[in-house]
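**Q** Position chain B against the provided structure of chain A, taking the given hints into account.
2 protein chains.
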Amino acid sequence: MTIDAQINLSLEQAIASKIDDTCPPKLKSALHHAVFPGGAHVRPKLCLAVAAACDPDADLNDAMVAATSLELLHCASLVHDDLPCFDDADQRRGKPSVHVAYGENLAVLTGDALIILAFQTLARKALTYFRELTLVMSDATAPPNGIAAGQAWESESEIDLKAYHHSKTAALFVAAARAGAVSVGASDAEWRGLGEHLGSAYQIADDLRDAVLSPDELGKPAIQDVRNCRPNAVDSYGLGGAYTRLRDAIEAAASSVPTCAGTDSLRQLIYAQAIRLTPEHLVHEVA
Amino acid sequence: MTIDAQINLSLEQAIASKIDDTCPPKLKSALHHAVFPGGAHVRPKLCLAVAAACDPDADLNDAMVAATSLELLHCASLVHDDLPCFDDADQRRGKPSVHVAYGENLAVLTGDALIILAFQTLARKALTYFRELTLVMSDATAPPNGIAAGQAWESESEIDLKAYHHSKTAALFVAAARAGAVSVGASDAEWRGLGEHLGSAYQIADDLRDAVLSPDELGKPAIQDVRNCRPNAVDSYGLGGAYTRLRDAIEAAASSVPTCAGTDSLRQLIYAQAIRLTPEHLVHEVA
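If you read the sequences in order, they're chains A and B. Going by my numbering, the first sequence opens with residue 443, and the numbers climb by one from there. Going by my numbering, the second sequence opens with residue 443, and the numbers climb by one from there.
The shape of chain A in the complex, shown without the other chains (with noise of 0.2 Å):
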């Protein structure tokens, strides 16, 4: 079974148990709707591959448990971040996004049944290091740091681009990459490096994808940022300037990685992502 055939079926169990005849239809539906089909599911392997990485022989029961509440908490934050009051994004992974399909209030309570399905999947499910891994997860998206605090930064007339840009995306590669590690056993405080030059390059591509790719290829709405007001890197460095930085974030990201059994690995994992993540006409246009 691929990785991606394995978090899928663990999503699936997460969710599926709620499927009984007492759950209202629509809401059923819109859960389903938020999570497949997935995504790139790229901080759940990021949690597996370091995991793999601590410790090639350890039983991995409970990272791909992690692995599978931050693929939901990150599909949570997708389906409020696209609501009206928010991005108003109609579109998500080339779907309607949930509050067009069914509604703002069911998409309201979708993340909030994703956000506690997070939390119960790790209660039900992680063996040995439950409590250290529903820290790191509400750390991740509580206030001060998490990614809540992130998309408050936008309500704010000044902001702390830091702590907006660290909150909003690096908070939960942050989470994967010290997921993975706690999830074996293995300190998690060498790890925090990894995510957050991770979390910075993925802001950084994702900003030049929204700026150079159309809403066919986004599969959502393009130059939401600029709509938005919102700092961007292409906005604030250029295209070739940005294309820059994501370089030097990938390559700070992949000589944070620190030395273990898997680092030759994991460092190719992190440059196989980075090419998956630049835009192909981008490469050509900067060359």
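It should be emphasised that the hints constitute simulated quantities derived from the structure, not laboratory data. Treat the numbers as computed from the prediction; the structure is a model and nothing was measured. Heads up, some of the hints might be wrong.
Note that identical chains are pooled: a pair holds if it fits in a single copy or bridges any two copies.
To be verified - SDA-like cross-link-like pairs, simulated, lysine to any residue; straight-line CA separation at most 25 Å:
1) LYS537 to SER656
2) LYS537 to LEU655
3) LYS567 to ASP581
4) LYS567 to GLY627
5) LYS567 to LEU577
6) LYS537 to GLN448
7) LYS604 to PRO467
8) LYS537 to SER597
9) LYS604 to SER471
10) LYS604 to ARG687
11) LYS537 to VAL654
12) LYS537 to PRO663
13) LYS537 to GLU598
14) LYS537 to VAL484
**A** The following block gives chain B in isolation, referenced to the frame of chain A:
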């Protein structure tokens, strides 16, 4: 220190750690607005009372942590329920609701943050029954039977009334009763009934208050159920019929208290709460 003061202190601690300089100021303020000054702390007090009734000599640390988590979840549900896409209520506890005071986007994020903090508080502070309490809280809030599902029934064209009332109101009362037992190491199964009956009583009392009190007395807009075309006990059974059902639910709750060290004192507490919940002029009117 009164029990309310202890609950407030614990709530303050659950939110206070968030209030550092890296948190967006409006989110900080909105979190405080959503939780303080609190309501009657009915659910936290039920949890603490059940814990003390199960074992008068027990350490109540985990019960207080559970009580705090319950209140944070309750506050989260109020903030999201008041949103324009649900009740569109402009007042709550005699103050502007969160979305009126801070905007819709911050209200969504404040609810999200309160849900996460409820689980984080358990992970940070529960000493012994962390996993059990996390399962109780997630059962009470997630689909298929938690409060998110309760709200979602309002978007269905055909409502399963029993599931709707259970999920929307009783679920958190059941959680409060179960959490009280669980937090002192007692079995929770026999406490479900108390939660169900109290939830039912509370729902009817709320319908009665909604029907006969002014917005000033309620601290929130009146006749919301009628305005929102929702099932309502007064609408279904009339004032007298609803009042009889309230008394029946209270009696059922008192009878359902299992035999334990504090059966009598818990029954007295239930009757005292019943008097507090029933609008005074209604007692005269129906009498």
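**Q** Hints numbered earlier in the text: which of these fail when held up against the supplied structure?
**A** none
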